[in-house]
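Chemist: The lines below spell out each chain.
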Amino acid sequence: AQSVTQLGSHVSVSEGALVLLRCNYSSSVPPYLFWYVQYPNQGLQLLLKYTTGANLVTGINGFEAEFKKSETSFHLTKPSAHMSDAAEYFCAVSEEGKLIFGQGTTLQVKP
Amino acid sequence: DGGITQSPKYLFRKEGQNVTLSCEQNLNHDAMYWYRQDPGQGLRLIYYSQIVNDFQKGDIAEGYSVSREKKESFPLTVTSAQKNPTAFYLCASSIVRTGMTEAFFGQGTRLTVV
Numbered sequence: 013a014q015s016v017t018q019l020g021s022h023v024s025v026s027e028g029a030l031v032l033l034r035c036n037y038s039s040s041v042p043p044y045l046f047w048y049v050q051y052p053n054q055g056l057q058l059l060l061k062y063t064t065g066a067n068l069v070t071g072i073n074g075f076e077a078e079f080k081k082s083e084t085s086f087h088l089t090k091p092s093a094h095m096s097d098a099a100e101y102f103c104a105v106s107e108e109g110k111l112i113f114g115q116g117t118t119l120q121v122k123p
Numbered sequence: 105d106g107g108i109t110q111s112p113k114y115l116f117r118k119e120g121q122n123v124t125l126s127c128e129q130n131l132n133h134d135a136m137y138w139y140r141q142d143p144g145q146g147l148r149l150i151y152y153s154q155i156v157n158d159f160q161k162g163d164i165a166e167g168y169s170v171s172r173e174k175k176e177s178f179p180l181t182v183t184s185a186q187k188n189p190t191a192f193y194l195c196a197s198s199i200v201r202t203g204m205t206e207a208f209f210g211q212g213t214r215l216t217v218v
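Listed in order, the protein sequences are those of chains S and Y. Quick note: the numbering used here has the first sequence finishing at residue 123, numbered continuously throughout. Quick note: the numbering used here has the second sequence finishing at residue 218, numbered continuously throughout.
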């Protein structure tokens, strides 16, 4: 079975600073990978996805993620954090018709 | 607008009572899912269904039951056998494609057992 590990349950950055949220997966086959964002008491919204093709994926709200097969990683980045980015972020991998999620990372943005 | 509707948003029940959470989608998706979310534990899969009248257990199915009589609907019943039912429950749906599942989520139901 595949698994997803998100390094760091809480990440704090200053407004305008680089955001880096880490995700590593375990998979013996080329994976399909996703990042979702969740605001308090709401459902999950898809930020971006990697299927095939270019390793650098661009999503909504200025986020990007790079698929690195050699490192089994799919880290999420944003060059400049905004206060509205404060939320919980989930990395997920697709396996046999369902999604396997990491434990989530809470992003705090300080003014 | 197309989407997934979960109801109610908040639900309070007494210990020992069964309760049913509603999930409806009008996206014409074949697959539907129920996840449970607890602080610090991410999302854990309870049940999923890829076709009408068929469903499979996820990682934490004990104490829960589901039905899939219609493509649009996938209700979840939290039974009295579920030892710790207080949690945030999320329903999702997706198109079934070989190898890839992109799920769309409802707004969730927060269940509190008192």
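None of these hints come from the bench; they were simulated from the model. Do not take every clue at face value.
[What the hints assert, rightly or not] Pairs of lysine to aspartate or glutamate residues, derived as EDC-like cross-links and limited to a Cα-Cα distance of at most 20 Å, are as follows:
{"id": "1", "chain 1": "S", "residue 1": "K81", "chain 2": "S", "residue 2": "E107"}
{"id": "2", "chain 1": "Y", "residue 1": "K187", "chain 2": "Y", "residue 2": "E166"}
{"id": "3", "chain 1": "S", "residue 1": "K61", "chain 2": "S", "residue 2": "E27"}
{"id": "4", "chain 1": "Y", "residue 1": "K161", "chain 2": "S", "residue 2": "E78"}
{"id": "5", "chain 1": "Y", "residue 1": "K175", "chain 2": "Y", "residue 2": "E128"}
{"id": "6", "chain 1": "S", "residue 1": "K80", "chain 2": "S", "residue 2": "E27"}
{"id": "7", "chain 1": "S", "residue 1": "K61", "chain 2": "Y", "residue 2": "E206"}
{"id": "8", "chain 1": "Y", "residue 1": "K161", "chain 2": "S", "residue 2": "E27"}
{"id": "9", "chain 1": "S", "residue 1": "K122", "chain 2": "S", "residue 2": "E27"}
[Said to hold, decoys possible] Some but not every residue of chain S turned toward chain Y, in silico, with C-beta under 10 Å:
{"id": "10", "residue": "Q18"}
{"id": "11", "residue": "L19"}
{"id": "12", "residue": "Y37"}
{"id": "13", "residue": "S38"}
{"id": "14", "residue": "F46"}
{"id": "15", "residue": "L111"}
[Stated by the list, open to error] Which chain Y residues stay away from chain S? Per the calculated CB distances, all over 10 Å, these:
{"id": "16", "residue": "E173"}
{"id": "17", "residue": "A185"}
{"id": "18", "residue": "N188"}
{"id": "19", "residue": "E206"}
In this text, all values refer to a predicted model and were calculated from it rather than measured experimentally. Glycine included, C-beta positions come from ideal geometry on N, C-alpha and C.
Chemist: If a hint holds in the structure, say so; if it doesn't, say that too.
Modeler: Here is what the structure says about each hint:
1. K81(S) x E107(S): holds (17 Å)
2. K187(Y) x E166(Y): Holds, at roughly 9 Å.
3. K61(S) x E27(S): violated (25 Å)
4. K161(Y) x E78(S): The hint is violated at about 32 Å.
5. K175(Y) x E128(Y): holds (9 Å)
6. K80(S) x E27(S): violated (27 Å)
7. K61(S) x E206(Y): Since the Cα atoms of K61(S) and E206(Y) sit roughly 8 Å apart, the hinted pair holds (cutoff 20 Å).
8. K161(Y) x E27(S): violated (43 Å)
9. K122(S) x E27(S): holds (6 Å)
10. Q18: holds (8 Å)
11. L19: Status violated, d = 13 Å.
12. Y37: Violated, because the Cβ-Cβ distance from Y37(S) to chain Y comes to roughly 14 Å (cut-off 10 Å).
13. S38: Interface hint status for S38(S): violated (15 Å vs cutoff 10 Å).
14. F46: holds (7 Å)
15. L111: Interface hint status for L111(S): holds (5 Å vs cutoff 10 Å).
16. E173: Its Cβ never comes within 10 Å of chain S, the nearest being 20 Å, so this holds.
17. A185: Label holds. Min Cβ-Cβ 23 Å, cutoff 10 Å.
18. N188: holds (18 Å)
19. E206: Label violated. Min Cβ-Cβ 6 Å, cutoff 10 Å.
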